[in-house]
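**Student:** Here is what each chain is made of, one letter per residue.
Number of protein chains: 2
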Amino acid sequence: MSDQANDLPNGWKGCLVVAQSSEDPYLAPFTGGGRLASSFVLIPRSEPPRLGYLSPMERQEAALSGLELLTPELLDMLRWSREGTPPDELWANVLSRALHLSSMSPGTLGIAGSLSAGLITGFSARLAGEGWFFEPAEPWLDLRRKLKSESELEGIRLAAQGTCAGFHRVAEVLRQAEIVGGLLRWADAPLTVGVLRREVALELCRHGLTQPCQNIIAPAEEGAVPHNTGTDERVLKAGESLVVDIFPKGRLFADCTRTFCVGPPGRKLEAGHRKVEEALELAESEAKVGVSGWHLQEVVCELLGRAGYPTPISEPGTTRGYVHGLGHGVGFELHELPSFRRHASEGEGQLEAGDVITLEPGLYDEAEGWAVRIEDLYVVGEQGLENLTPLPRSLDPQDWYS
Amino acid sequence: MSDQANDLPNGWKGCLVVAQSSEDPYLAPFTGGGRLASSFVLIPRSEPPRLGYLSPMERQEAALSGLELLTPELLDMLRWSREGTPPDELWANVLSRALHLSSMSPGTLGIAGSLSAGLITGFSARLAGEGWFFEPAEPWLDLRRKLKSESELEGIRLAAQGTCAGFHRVAEVLRQAEIVGGLLRWADAPLTVGVLRREVALELCRHGLTQPCQNIIAPAEEGAVPHNTGTDERVLKAGESLVVDIFPKGRLFADCTRTFCVGPPGRKLEAGHRKVEEALELAESEAKVGVSGWHLQEVVCELLGRAGYPTPISEPGTTRGYVHGLGHGVGFELHELPSFRRHASEGEGQLEAGDVITLEPGLYDEAEGWAVRIEDLYVVGEQGLENLTPLPRSLDPQDWYS
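For the record, the sequence lines run as chains A and B.
The numbering of the first sequence is my numbering, which starts it at 4 and goes up by one.
The numbering of the second sequence is my numbering, which starts it at 4 and goes up by one.
The shape of chain A in the complex, shown without the other chains:
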């Protein structure tokens, strides 16, 4: 999160972030790494944020934030729990108390953060009775989170290092695999997607990373549907494409994709891979401070379109060829600003020094049963991109060790 002033949009009395866990990407930038369950941040206009939490057992975790605390005692939690107050009413009471303790007078608040929908519609209806109204605060908070602080960058670097280790493990297993009757074997057993997934999970675990959004290890036509995560039972085959997309989280996320092929690839896969590499290099050379994500998408679509592949610009909604956006920001969420969409505003879409982005061109053909995606993670700097996942890009795992 950038160190901007408390520049609340006009008309807001303040901004409220509610969450059922400190893993919430809107709450996490405020907590300093402490683990909290139900909690919230209230940012009154022109004042520093304060952190509210509902369980007295979390007092030490809450203190890690360094923020002024709205404790369960100040929020009268014991009373609501003694009276058996239903959750949406309890949240209304707690937030009403927090607003009062912060000497705020009724009006409009920005709101963001994840709680179950019935709690939100319930407490917002109750607070409307006290004169409080809500506007979506995600756009404002997303912009604040776009530029990374040094400590946030450090979190992403650590996650990226573990991600690279995960890929080296994949390459090592694939390099060691034997081909028997067209199928891969490793450690005296069929090499399945599930085995590879376990090896990745163990390696990430050794680096203190988790996979809250899982991962994608998708062979052949499974990889050709970009969000297909791959079937664990499936035995890998020689000559087929294998898309491996790993996006683990430490305190923040990292994200990287490589495509492998054990044994000689088919002609179309090989040509697709060459073209995707070329597209990635082009995007890297064009990605500079002041350029928009959408511009990069256009440049890549132009290249891939010229090579005869359908693209989202030439054929909106296509599921063959290049079928998605070129990249996204990465931070407390796997997908955040900057945006690579056509309609992103300048603030949302323009690359600035301190942004963290992916670039991930790909080509897909479900009918022909192959896919290629190559994705790296970068910090945008005044001097150009810094690649946080500088791994080999070859299809052949043997090349990872030459």
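If you're looking for bench data, these hints aren't it; they were derived computationally from the structure.
Keep in mind it's a predicted model, so treat the numbers as computed, not measured.
Treat the hints loosely; a few may be bogus.
Listed next, the stretches of chain B that the computed footprint assigns to chain A, with coverage defined by at least 3 CB atoms under 8 Å from CB atoms of chain A [to be verified]: (1) 126-138; (2) 204-212; (3) 281-292; (4) 314-327.
If you want a taste of the chain B side facing chain A, the calculated C-beta under 10 Å gives, among others [claimed, not checked]: (5) S24; (6) P28; (7) P75; (8) R100; (9) A120; (10) L122; (11) E141; (12) A347.
Listed next, with one range per pair, are the computed distances between beta-carbon atoms [to be verified]: (13) B:P395 <-> A:E273: 54 to 64 Å; (14) A:E92 <-> B:V183: 50 to 60 Å; (15) A:E305 <-> B:R85: 14 to 24 Å; (16) B:H171 <-> A:G293: 52 to 62 Å.
Ideal placement from N, C-alpha and C gives every residue a C-beta, glycine not left out.
Starting from the structure of chain A, add chain B where the hints point.
**Tutor:** Same frame as chain A, but now just chain B:
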């Protein structure tokens, strides 16, 4: 989720579950294990649920649900994305289309599931303009989720088996530890909380489990604040208590706690441990179909109070002695029904055959620097409890192998 009929509360036209991921505990029971990002379930009165998803790349994952699908094509996603529709308006458009496609006429809907708060307040205000109003659906859905299906029970059993393996690994490391100058050493290095946490993570990983809510490995006075997760850098000491609370997730959660002590425990820790074991045995003997969670809490408070420890009944809000509830249901959420709270309704609080619960008495003294908690996970059956985490309860890791 129990196989009840579509018994929507009176006055609702239907129920809507919105989610940013299929990990959402309100959405997950409907998905059949497929991985989805932004998605929703709509249950019209007297009709089967249908699953809506926003990304065409997730069509194979969505199909795993076996439900009728509201596809991105039916929901006009391409149009909203081409027009650069802001997210809260996009959700309003998509849901409005889903309601129309389901031939529903305006009125009240139950709502639950997690999306960021600004999206929810935004789309609900827009849909109010079309005559749709929302009531919290969590209470109704929580009750549906209380009794587990066979496939859900199987998911919990698998998670419990991995959890037990994690505890055996902890006991093994502690048993192998040497005491040097009062501090523990293992594998030629100081044995820290962080080292033990890594060993647990690796073992859980080998069993295909993740730790979305982390874990608690908390020595001495850190363990005495029940939600303190423990400091990684801290070197473990002989004679101190070590609370280890592991609650990993496969498709569903498991939850178990043991307290260890390497070397002879102090008198108070030993007495506390004996009393907590007694409290757990008492709770196990009282936990039967038809009994409420709150009754079990009363029984345990009575026992611990008689032994001279403050309890939440004798001293509401106490942070010394027994300081929390006795247990909770476990399923797609770590904490779900049945409820052990005083004000739980009969439906929420009463044990039924097919419930999955924890029982977890504990004693805490931050000033004296010790804590004990013992927690097991059970299926409630007509014939009594089935313990899914039947591990040794001794403080001494040597006893785990005798």
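**Student:** Of the numbered hints stated previously, which ones are contradicted by the structure, given in increasing order?
**Tutor:** The structure conflicts with hints 3, 8, although it agrees with all the remaining ones.
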